[in-house]
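Could you build all of it, start to finish, from the sequences and the hints given here?
Sequence lines, in order, name chains F and D.
The number in my numbering is simply the position in the first sequence, starting from 1, with 33 added.
The number in my numbering is simply the position in the second sequence, starting from 1, with 49 added.
All clues stand as given, with none of them false.
Heads up, incomplete: computed chain F residues facing chain D, CB under 10 Å, no partners named: (1) Leu256; (2) Pro266; (3) Ser323.
It should be emphasised that the hints constitute simulated quantities derived from the structure, not laboratory data.
Note that the Cβ used here is the ideal one computed from N, Cα and C, for glycine as well.
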Amino acid sequence: MTFTVRPIPVVMKQVKANPRVVNFSAVQWQEVTFTTGPDPATYMIGGALRTMPLITTSWIYTAADGTLDGNMCNGGFPILSCRPNLHKSGRMVVKAFTGGWEQVSTITVQCPTPGDLALNDTINDFSVRQELLNVLMRSYPDSSPEAGRSESNPQGWRHETGGVVWQLPNGGGYQFVPYEDPTSNQSTYHLPDSQWGASAAPVPGAIPYATVHDHPSNANDVLYGLQGLTRLPDSTDVPYSRWPGDTLPDGNPRPVNHAGPDDPLRAGSDFDWRLVERRRLPEFVVGTDSVGFVFRMNVPAQPGVRTSVAFRKNGGTTNERKCAWVRKYQP
Amino acid sequence: MHNIKTGLFFACFLALMSARASGQTTCHANDSEGDHFKRIIKAMMTPQNAPLRVSLGVPQVDSTQISLISDAVVCARAGQALDSLGTVWAPTSHGPHPSIASLYVFRVGTSYAVIYLNPTSTADGDFIYFFGSSWAYTGASVS
Numbered sequence: 034m035t036f037t038v039r040p041i042p043v044v045m046k047q048v049k050a051n052p053r054v055v056n057f058s059a060v061q062w063q064e065v066t067f068t069t070g071p072d073p074a075t076y077m078i079g080g081a082l083r084t085m086p087l088i089t090t091s092w093i094y095t096a097a098d099g100t101l102d103g104n105m106c107n108g109g110f111p112i113l114s115c116r117p118n119l120h121k122s123g124r125m126v127v128k129a130f131t132g133g134w135e136q137v138s139t140i141t142v143q144c145p146t147p148g149d150l151a152l153n154d155t156i157n158d159f160s161v162r163q164e165l166l167n168v169l170m171r172s173y174p175d176s177s178p179e180a181g182r183s184e185s186n187p188q189g190w191r192h193e194t195g196g197v198v199w200q201l202p203n204g205g206g207y208q209f210v211p212y213e214d215p216t217s218n219q220s221t222y223h224l225p226d227s228q229w230g231a232s233a234a235p236v237p238g239a240i241p242y243a244t245v246h247d248h249p250s251n252a253n254d255v256l257y258g259l260q261g262l263t264r265l266p267d268s269t270d271v272p273y274s275r276w277p278g279d280t281l282p283d284g285n286p287r288p289v290n291h292a293g294p295d296d297p298l299r300a301g302s303d304f305d306w307r308l309v310e311r312r313r314l315p316e317f318v319v320g321t322d323s324v325g326f327v328f329r330m331n332v333p334a335q336p337g338v339r340t341s342v343a344f345r346k347n348g349g350t351t352n353e354r355k356c357a358w359v360r361k362y363q364p
Numbered sequence: 050m051h052n053i054k055t056g057l058f059f060a061c062f063l064a065l066m067s068a069r070a071s072g073q074t075t076c077h078a079n080d081s082e083g084d085h086f087k088r089i090i091k092a093m094m095t096p097q098n099a100p101l102r103v104s105l106g107v108p109q110v111d112s113t114q115i116s117l118i119s120d121a122v123v124c125a126r127a128g129q130a131l132d133s134l135g136t137v138w139a140p141t142s143h144g145p146h147p148s149i150a151s152l153y154v155f156r157v158g159t160s161y162a163v164i165y166l167n168p169t170s171t172a173d174g175d176f177i178y179f180f181g182s183s184w185a186y187t188g189a190s191v192s
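Here it is in structure tokens:
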């Protein structure tokens, strides 16, 4: 007797959530329906149309603040939906067995963030939010300012990074494209103009929506690596320490500089604002988790009118924490 | 006669100092940048920023004691204080003293905070230099 084994190309459907956007800070809870299924739902085998089985194995919802983490529904066959009462923004991770292997699909349920279209892009499951959070992760804010920083590697572990948010054509939502500046440090990040030019578009027809960089240091942290970037009125380059143990030409230690607090009403340095004005693009500035905000520096409507908007990404009051932005899925 | 000479000497000295004060480093008029820096200095007075404030030698004051200075003599003095930092940090490469610039100078209780926005700076933050009541440098932060 011989058997012919053929794989059946069935995949798990992208899990869907209804509703997609919930203002958890304004409601005690919200019933949300998550659904998935096999794709295709049926398949012709041996001349007969057969229903494809999909066995869900777990429906785990993790709140963005990490406080709710559990299996919300029983799995099995033919269970293709789950309707938990949710109290906070978070991510549903559904695992299922179909087509011969375990598959995973996830979706987030998040609060509205009034005032910015890219931050409310449900078409791409709020991908700009999670990418902005990831910008901070790629800056290693949990490393000490000294870690990995030396004369031979002045960038160190903790350094600024960023990229460009693009508006996709045909109503396709928004997409973030990261750019790592090899010369960045704790308080500088340079995005070449070529990175937001038409030739850098992730798909033809995409247009730059905003540029991005982060501030991975908290107030009072030592800041390394600023020399040559700013000057005293007498044209002296401010010779702050570029790495631990850095010295002046006379052998004395260079002065150590510290990060200051943020302005609660406006983000960005004078240099940042000059860039916004030149590029005519807003700039997202991602603060640390202690700061809890992503700031958007707006393109001035007229010269010198510098305004920014603070979007709460984490922390804050009890109600604000219910609306924390959801991080990227880590399998 | 001696008194007249002495008087003339001091008159000339004061005139020179006054000219130096009004013709060199000047006070930046208040604007949205000034408001921005004032909010940052105020934020330094919050409990969570106490470690930074202490490390920079900035006194704890209430918000009424933080004010932008428009006194040309004080701003000229602030310019001289910044120049002296240049002398210490780069004894051979700094520019002519006193430098010509427009500074935001804040009184913070008995201390001072000085900000110079250099149009060629590419730092992702603006330096705030802090000085004690006798213009001794106590530290700097970047916001």
